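2 protein chains.
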Amino acid sequence: MNNLFRALNDATRREILELLKDGDMTAGDIADKFDMSKPSISHHLDLLRQADLVASVKKGQFVLYSLNMTVMDEIMVWFMQFKPNATQAEKPRIRLHVGK
Amino acid sequence: MNNLFRALNDATRREILELLKDGDMTAGDIADKFDMSKPSISHHLDLLRQADLVASVKKGQFVLYSLNMTVMDEIMVWFMQFKPNATQAEKPRIRLHVGK
DNA sequence: TAAATATTTAGATAATCTTCTAATCAATAT
DNA sequence: ATATTGATTAGAAGATTATCTAAATATTTA
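Listed in order, the protein sequences are those of chains A and B. Numbered per the UniProt record's numbering, the first sequence spans residues 1 to 100. Numbered per the UniProt record's numbering, the second sequence spans residues 1 to 100.
The set of hints was computed from the structure by calculation and includes no laboratory data. Certain hints may be false.
One copy or two, either will do: identical chains are not told apart, so a pair holds if it fits within one copy or between any two.
Below, computed lysine-lysine pairings styled on BS3-like, alpha-carbon distance capped at 30 Å [stated by the list, open to error]:
id	residue 1	residue 2
1	Lys33	Lys21
2	Lys58	Lys33
3	Lys21	Lys83
4	Lys83	Lys58
5	Lys83	Lys33
Remember, predicted model here, so these are calculated numbers, not experimental data.
Input sequences plus hints: build the corresponding full structure.
Next comes the structure, spelled out in structure tokens:
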């Protein structure tokens with residue numbers, strides 16, 4: 001969970017995810033989309049991989065990166081806990097009474 | 001969007017959100033739940049407020065913090081872009097052909 | 001085999017982040 | 001009025017992060 005939020009906490013990495021939405025790409029083609037050195041992009045890809053947000057496969061001399069949707073589900077579940085479920089019985093909320 | 005992911009990229013702040021799920025709390029009561037100084041918690045609350053994930057209201061000497069669900073929706077929409085919508089016509093995915 | 005290409009690893013630097021203590025501000029209580 | 005209580009602000013130290021260049025590794029091509 002920590003790796004997940006860490007990976008998402010960067011505009012470049014989020015853009016990479018949006019790029020991969022439209023299809024797999026090689027590390028080089030991803031790097032070409034940014035005004036940033038290849039090693040930097042490689043590092044971003046590494047963090048995305050650590051978070052399981054992308055998968056990579058070596059294809060000859062290239063490395064193909066692809067989105068991994070399954071981890072997104074995990075995040076969605078986490079967020080859902082904050083959406084009070086309409087089908088579930090209304091729980092009384094603990095309220096603090098402060099002051100007089 | 002940046003503030004949002006930044007705020008979420010910390011275990012303590014995520015725990016604070018989970019605490020507030022069950023009802024509003026004062027800054028002090030939140031701080032008591034953590035093994036951390038009050039100023040540190042105050043700073044975490046500030047980042048959560050900057051991200052609009054919580055709202056705060058001064059009640060006399062206390063400050064009451066509450067969850068702000070509405071921003072969660074924004075995040076959900078962002079995540080949804082990665083979930084290929086079943087009702088939408090299947091778009092051909094761009095595929096890279098690498099190697100022979 | 002040697003050169004070229006694609007990518008990653010290593011190491012350095014600057015910026016940002018987390019946390020602390022001390023000090024300040026604001027509200028309540030003595 | 002002054003002391004106490006709740007909370008934030010200021011400033012500093014240490015850790016983490018983003019980025020770079022240079023070097024290394026692996027694969028393909030000449």
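Structure-based check of each hint:
1. For the identical chains of this complex, Lys33 and Lys21 are intra-copy neighbours only, at 14 Å inside a copy versus 40 Å across copies, given an alpha-carbon limit of 30 Å.
2. Only within a single protomer do Lys58 and Lys33 lie at most 30 Å apart by alpha-carbon distance; the minimum there is 20 Å, versus 47 Å between protomers.
3. With identical chains, the CA atoms of Lys21 and Lys83 are at most 30 Å apart both within one copy (26 Å) and between copies (9 Å).
4. Taking identical chains as interchangeable, the C-alpha atoms of Lys83 and Lys58 lie at most 30 Å apart only when they sit on different chains, with a minimum of 25 Å there against 40 Å within one chain.
5. Taking identical chains as interchangeable, the C-alpha atoms of Lys83 and Lys33 lie at most 30 Å apart only when they sit on different chains, with a minimum of 23 Å there against 36 Å within one chain.
Against the hints set out earlier in the document, no violation occurs for any number.
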